[in-house]
Every structure is written in C-alpha cells, then in structure tokens.
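A.B. asks: Listed below, chain by chain, are the residues.
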Amino acid sequence: MGKLEQAGGRPEARERYRAGVMKYAQMGYWDAGYVPKDTDLIALFRITPQEGVDPEEAAAAVAGESSTATWTVVWTDRLTACERYRAKAYRVDPVPGAAGQYFAYIAYDLALFEPGSIANLTASIIGNVFGFKPLKALRLEDMRLPVAYVKTFDGPPTGIVVERERLDKFGRPLLGATVKPKLGLSGKNYGRVVYEALKGGLDFTKDDENINSQPFMHWRDRFLYCMEAVNRAQAATGEVKGTYLNVTAGTMEDMYERAELAKELGSCVVMIDLVIGYTAIQSMSKWARRNDMILHLHRAGHSTYTRQKTHGVSFRVISKWMRLAGVDHIHAGTVVGKLEGDPNSVQGFYNVLREDHNAVDLQRGLFFEQDWGGLRKVMPVASGGIHAGQMHQLLHYLGEDVVLQFGGGTIGHPMGIAAGATANRVALEAMVLARNEGRDIWNEGPRILEQAARHCTPLKQALDTWKDVTFDYASTDTPDFVPTATAA
Amino acid sequence: MRITQGTFSFLPDLTDAQIRAQIEYCLGRGWAVSVEYTDDPHPRNAYWEMYGMPMFDLKDAAGVMAEVDACRKTFPDHYVKVNAFDATLGWESLRLSFIVNRPKKEPGFGLLREEGAGRTQRYSVRAYATERPEGERYT
Amino acid sequence: MGETRALQPQAGPEGLDLQALYRDSNVAAALEALDRELVGLAPVKTRVREIAALLLVEKLRRSVGLEAGPPSLHMSFTGNPGTGKTTVALRMAEILHALGYSRKGHLVAVTRDDLVGQYIGHTAPKTKEVLKRAMGGVLFIDEAYYLYRPENERDYGQEAIEILLQVMENQREDLVVILAGYRDRMGRFFASNPGMASRIAHHIDFPDYSESELYAIAELMLAGMQYRLSAGAQAALREYIGLRRAQPHFANARSIRNALDRARLRQAKRLFERRGAPLTREALMTIEAEDVRASRVFAARTEENQP
Chain A
690 MGKLEQAGGR PEARERYRAG VMKYAQMGYW DAGYVPKDTD LIALFRITPQ EGVDPEEAAA
750 AVAGESSTAT WTVVWTDRLT ACERYRAKAY RVDPVPGAAG QYFAYIAYDL ALFEPGSIAN
810 LTASIIGNVF GFKPLKALRL EDMRLPVAYV KTFDGPPTGI VVERERLDKF GRPLLGATVK
870 PKLGLSGKNY GRVVYEALKG GLDFTKDDEN INSQPFMHWR DRFLYCMEAV NRAQAATGEV
930 KGTYLNVTAG TMEDMYERAE LAKELGSCVV MIDLVIGYTA IQSMSKWARR NDMILHLHRA
990 GHSTYTRQKT HGVSFRVISK WMRLAGVDHI HAGTVVGKLE GDPNSVQGFY NVLREDHNAV
1050 DLQRGLFFEQ DWGGLRKVMP VASGGIHAGQ MHQLLHYLGE DVVLQFGGGT IGHPMGIAAG
1110 ATANRVALEA MVLARNEGRD IWNEGPRILE QAARHCTPLK QALDTWKDVT FDYASTDTPD
1170 FVPTATAA
Chain B
23 MRITQGTFSF LPDLTDAQIR AQIEYCLGRG WAVSVEYTDD PHPRNAYWEM YGMPMFDLKD
83 AAGVMAEVDA CRKTFPDHYV KVNAFDATLG WESLRLSFIV NRPKKEPGFG LLREEGAGRT
143 QRYSVRAYAT ERPEGERYT
Chain C
12 MGETRALQPQ AGPEGLDLQA LYRDSNVAAA LEALDRELVG LAPVKTRVRE IAALLLVEKL
72 RRSVGLEAGP PSLHMSFTGN PGTGKTTVAL RMAEILHALG YSRKGHLVAV TRDDLVGQYI
132 GHTAPKTKEV LKRAMGGVLF IDEAYYLYRP ENERDYGQEA IEILLQVMEN QREDLVVILA
192 GYRDRMGRFF ASNPGMASRI AHHIDFPDYS ESELYAIAEL MLAGMQYRLS AGAQAALREY
252 IGLRRAQPHF ANARSIRNAL DRARLRQAKR LFERRGAPLT REALMTIEAE DVRASRVFAA
312 RTEENQP
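Protein chains in written order, with my numbering: chain A, 690 to 1177; chain B, 23 to 161; chain C, 12 to 318.
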C-alpha cells in the first residue's frame, strides 16, 4: 500500500501533509489509545484484509475511507479541524474461529452526520468503503448510535404499544397472512382471500412485496376490494382488522397518491418495501405519523447484503436503521420457517426492535449497549414457511410482541382459508393461555395443541396436514460467540 | 355470532379456574387488574364502563374474582372483560385483556355503506343491539 | 394457586407419617424463628404450637378422607403494646402458608383509618380494597375495637364490621383475619359484637414481659445493633426497667427499644463532646451508666409525688 514509510510515531504536521501517499494508520485513522466519547457513533466492522495487509492498517483504511480520507494526502485538510472529522479505528480483535477475519471498532464524531437522515448516515458509513481493494471482504456487524443522534429521528409513527391500543389486541402475538398466489389474482378474487382470512380469525392480511399495480390487478381495484373485505370482516367479528395495502410505486408522488386512497377508505395500515430506499421510507414514515397509520415494511431485497457472514451489512444494523427511520412493522425472521434465521441472531434482531435499552449480548450478536432514548418499539413480523403446529416454538423463540404470518399455513388449509385462519388463532390462544397458566409449552406444546384441537376441527386438520413440515437447514448468518451454532 | 375481541375469544368460555389462573399470571407480574363492562361492543368503543377502579398491590386472585363475580351478577347480559395494566416504563398500557362474560344472544353487527365518488364507499359498523337504548340491549 | 406448595402427606410402611409432613413443610422453620426472635412469651409460643399441630393433623386427616369441614382460622391476639403481637402474626402467616391454609402467606396490617371512611359511601370501597389486598394472606387489624363506636350513632365503623364478617364467613379459604388490641377493650368489643366473637376460633393472650425478660430483650436488641453495656450500664438498665415498668404508657419491648435509642443518642453526644481525646472501637460500642441514668425516668423518682 503506502509508499511513504515512517518508523513509528505520528509525523509532524509538515511531514504529515507532504504531497504523496501514506499509510492510513499514520494519517491518524488508527489510535489504539482512543476512548470513544458518549456522543460518538461506533461502528463494528468484520474485516478480511488481503494477504499482507495488517489488520490495524486495514481498520484504519476503513475508518479513513468512511470519513475524511482519500487515497492521497490533500493539503486542504489543513483548512479544517480535521482531527475531529477523522474516524478513529481504536480496536481490532481476531474473530473467534475464523482465521483472517477481524472485528474492527471505529468511532465517528457526531459532527459527521446530518440529523435525522439515514441516507446521510449510510452514505458515510457504507458509502464507499465496501469496494475498497485492500480488503477481500467487509461487513458492517453492529453500530452504537449515541442517544444524542437517536433523538434527531422521530422513530416509529405508531409503535408496539399504540398499535395494540388501536387494534384493542393485547397479550398475544398478532396473526397475519400474505395473500397467495403472489401474482395473477384479480382485485375481486384477491379481496375474497382477505375476507375469508380475516373473518376466520386473523388480525391482518398482507400484500406481497411485488404486488403493486400490474396488468392483472391495478392498485385502486385492490384497495377497493380489500377494504370491502376488511369492513365485512370487522362486522362479522366485532374486531379491528387490517390489511397491509402495499403503496410501493415508482415515484414518491405515486406512493403518496396510493397512501391517500388507503386512508380515505379507512385502512389502519399501509405497507412499503425496503427497496424504495431509505429516504422514501423516512418520507412515508412522516406521512404515516401525520395520518394515524401503521407503517408496515417488507424487507424485500435485504438478503443480497445481509446473509453472507463476511461481506455486507448485518440485519441487526438494518433493524437499527429502520427503527430510527420509523417503521412500525418489519420482517425480522421466524427461526423455524423456510427463510434464513439462526435463533440467537433472530432474537438479537427482535431485541433491537423491541427493547427500550439493549445490553451487550454477544451470544445474540449485540456488541454494544444501545439506549433508544424513548423511541417507540417496532413490531417484528415472522413470515415464511410457518404453520400452527409450530405455535409453541414460535411463542418460545419470539415472545408475544410479534406478528406471526401464516400465508401457506392459512390459505393452504384443506377446508379453506377461514378454517386455516381459525386453526391458527385457536392454536395461538390455547398456547398463550397455557403459557400464562405456567405450563412448560416447549415440552408440552404438541399436547396442548392436540387438546385444543379437540374442540376445533380446523386445527386438527391443520396439525394433520403439516405435522411433518420443518425446514431444518444450518444457518449462514450465525453469531460468532456461541460454542456451536444452533441449526434452525 | 360470537364477538371475538379479547385474548381468548376463540377458545371455549373460560372456567372460573382458568380465569383465576390468568389473573394470578397478571398479579405475578405486578400488573393492576381491572374489570369493565359494556352493552356497546363496537370494535372502536375504547371506553367500556369501569366496574370499580383498577386494583393495585393485590397478592391473590381472590379479590379480583370477587369483583368479576359481582360484575357478572349485576350485568349478566353485558360483555364483561378483565384487563391487566402494566405501569412499567415503555409499556404503560394493557398487557392482557379478555372477555369473561357475554350476553346469551349476540346478534352482531350490520355494515352500513355510503357510496362515494368513483367506486369508493364509506363504511360504518353498527351493533344491532345498540338500536335500543343503553341498558335495554341484549334482553 | 401456583404458589401454594404441593404438600402431599406421605404414607410410610406403618401408615401416615406426621413427622415427614412436619419436616417437609416450613412449619419447623417458622416455629424456630419465633423462638429465636421473641424472648419469653412461653404461653403464646405454646398456643402457636398447638394451632400448628391442629392444622398439621387436620391436613393428614383430610389426606385420608376424614373431613371436619374447613377449620376456622380467624384469631384474636390480646395484650399490651410491645408484647410481640405483630411479630407473632407474621410468623403465623408463614405457618399457615407452609401448611397450605394461606395461598400467599403475606400479612396486611391495618387500623381503623384504613378501613373506615369519612363520609357516606366511603367505607365499603375502602374496606373492600383492604380485603382484596389481603386476600390469599392474613389481615391483621390492630386495635380492632376502634371499629365499633356505639357512642356515635352515625359511625361508619359498623359498616366495615359487617363487610368483614361476611368475608370471614364466606371466604375462609381466601383470608385469615387476626384482630389485635388491649385485652379488656377486646373483651368489651366481642361482648357487644357477638357475631364477631363467634367467628374467632383462636384467642391468644400476650402477657406483659417480666423485668428479666425485658432485660434479655434489651441485650438481644443491643447485640443486633453491635452495642454493649458497661458493667455500670447493666445495673443502670436493670434499675431503669424496674422504674419504667411502673410508669404509665409502658409499652413493653417498644419502650425498651425507645430507651435504647435515647441511650445511643446520649452516648454519641458524650463522645462528641470529648472529640479531642483518643477514641477506641471499644468506646464506640459501649454504652456507659451515665448514658442510661440521664433518663427522665430516674428524675421522676426524685420527684415522686409530682403529678
């Protein structure tokens, strides 16, 4: 790398700013003695340096490239209080059990960031550095957000507590289902699925991430039929019901138009996809806050950068950003379903979304204490390949503040959608009742379900249909601080 | 029709022993338990009548059960629910809420529609029971 | 429910095992704590043991289907202030809990003011609130006779008594009530409230402490606070107890505690006044005769004939 070699110590200013190229560490991006301030933002990267690059220099390079540095020395640094603006790598630890990988801790001064902008935060921290040649791979593992910075965001417009108050549903996970098939249903047929599922016992139905406004179903049709279904289901049950109307579109103008119709029709929730981008998400959050709307976020596309352990951005960081950006629901893993999710990692995501204050929890991948400064809590959503027979496992792993989404597990019920919904709701209520009575649901779960099925034929049918379905594959994104990673 | 508000409405009506166990669960967490009743079960009716104040600092479910019984006796044809309130910072809201009494006959709700511009409609849910004055419903 | 210990009497080869039941419950621990904490009070301890024995046997009888109906457990504790009534009530609650006669085993101690309201319609909710808090445990009503004020026709105490009676009769498995107060006044209270008297199953009388018992109590308290008496102070305290006991408003152990608190104050004042002089750990722990003798109780003796 550097052509200018210096034997230890920091060069004097004249030397430091002589034209040319020097090591990042010598430019001041490595400071082993640095003690992060309470107001510093701290990022934890997993770095895999190229052969021959030492980890401290690699960490310093990441610090430099994600803050003030460029590849060569610039004299214009001397016109600024550059010492303050430089990110400082201050600690590098080898990753346990992974040769050639290191955890690098980098502190950023608060002055580097615009208040209340995820776009600015991410442009700084992950903007440039991930393609940097001296590193084979780079992953943003975790981030400590100073509470001073947290307070520049509005956070979730509704949050878990107020969502429950609006829905008048307490003490149990909420139930949802994604309308299937994903593509091709007309508006009228689509609404039928919504009506049956909600009347049968679900709290929510959901558009899929790629249901927007296609030739087979224009968005207005979908909204009109879905709201007919929601209102009919409310009258049939006496409960508040919702359907996540996906307002994702090509432009903000289109999204606002769609959201406005959802509001006009009396929907309590709208939905967006992660792929609309951080700024669009923050705009929709503001809109939701102004219009008493629950904002559901589908994490479409996240696996392209969250899944591989050595490169990308951990989903726990995405969870933190989305809590700041302000969504009320976010898909965060099921542990037991068909999609990626190690139990400890997933619980780490859930804790980021739901706790007022996160303690350091290496086993769940939480490297930092995080004070959320009173920001509301995000309701995690568990969706993908789960069914009623897993209810005890779901409640055990995920707790009660979660939306459990049984798509196939509702619509695929042999006796129909409403029966599928009823099966899920009965299984859920029976499990919560038993847990509260002090029963050991982890071990007695199957028996509790069997007993509940005695007064509920749809549940019996569901248990028989899906009794052998499991997705038992090893996870790729597992925490590094467990002796043996648990298979989900 | 069976109104399915509350945490356990899809299960057969809870026995007193089951109700007591849920109350014990709530008291064990330091939640204040209260009893409420109504004859207007509209899903947006946020304010059922309070049957006395929330009960703080109770150790045992017997005290709550006495209130539940008294409320059910006084309003046998009303909806009665048990709520548990958690005062912990960051919650400060209900943590459990379930129905412990319901009218013998539940006629349910009608859906009123008002046609709007284009194909839009405005919807309104109305309990058939509330066509009669308060106190004379569900009899 | 969940918290009640599932205590199943065991049937050994020779039949039922009362010893095992006693051992496996926490009754022994509660009785030992009673012995340890309270000096003297032999008749009280005997009565508590009798009640514990009755309940143990009753439990065993029930386990083999011998039913005598649920035992009535409401009690009255009579005696002068400072004779250990509240402490014994706490232990009694533990014993009842250990044997499954009380689900939670907590004690709620109240007086008239907690039960009786100031205006019409105020008393019932107040009393019920207290009863609900005490459910599953023991309700201890100190100076219970103040509930009944026959001289005032419109007194709301009677309302509280009626609600109490109803619960004492109908919810015996939910609540044990202990009424406490001076012996003579409790006697009059029961005489004019036969309904209440008939629901009290166990009367325990707390005698005043003798002088030597009071002295032992003082030593126990001082040891707990890490103080000791010099030889002179020992004699002074014995003398003090004899004098104080004969004076009005004597409240047994409570008066002893107050006397010791005042002696500590004087000791501190004495040490502070000599603050230049060297001070030992021993001195910090020691109460001298003068710390006791400065009490007004001694002064009263010299002015014996004053009112």
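Hints were generated in silico from the structure; no laboratory data involved. Incorrect hints may have been included.
Derived lysine-lysine pairs resembling BS3-like cross-links, with alpha carbons at most 25 Å apart [as the list claims (entries may be wrong)]:
| # | chain 1 | residue 1 | chain 2 | residue 2 |
| --- | --- | --- | --- | --- |
| 1 | B | Lys126 | A | Lys858 |
| 2 | C | Lys70 | C | Lys56 |
| 3 | B | Lys126 | A | Lys998 |
| 4 | A | Lys952 | A | Lys825 |
| 5 | A | Lys975 | A | Lys998 |
| 6 | A | Lys952 | A | Lys877 |
| 7 | A | Lys840 | A | Lys726 |
| 8 | A | Lys858 | A | Lys726 |
| 9 | A | Lys822 | A | Lys975 |
| 10 | B | Lys95 | C | Lys139 |
| 11 | C | Lys137 | B | Lys95 |
A.B. asks: Compare the structure with each hint and give your call.
C.D. replies: Consistency of the hints with the structure:
1. B:Lys126 <-> A:Lys858: 23 Å, holds
2. C:Lys70 <-> C:Lys56: OK: Lys70 of chain C and Lys56 of chain C at ~21 Å, within 25 Å.
3. B:Lys126 <-> A:Lys998: 59 Å, violated
4. A:Lys952 <-> A:Lys825: 48 Å, violated
5. A:Lys975 <-> A:Lys998: 33 Å, violated
6. A:Lys952 <-> A:Lys877: Within the cut-off at roughly 20 Å; holds.
7. A:Lys840 <-> A:Lys726: With Cα atoms ~17 Å apart, Lys840 of chain A and Lys726 of chain A stay inside 25 Å; holds.
8. A:Lys858 <-> A:Lys726: 42 Å, violated
9. A:Lys822 <-> A:Lys975: The hint is violated at about 39 Å.
10. B:Lys95 <-> C:Lys139: 17 Å, holds
11. C:Lys137 <-> B:Lys95: 21 Å, holds
Hint violations for this structure: numbers 3, 4, 5, 8, 9, all remaining hints satisfied.
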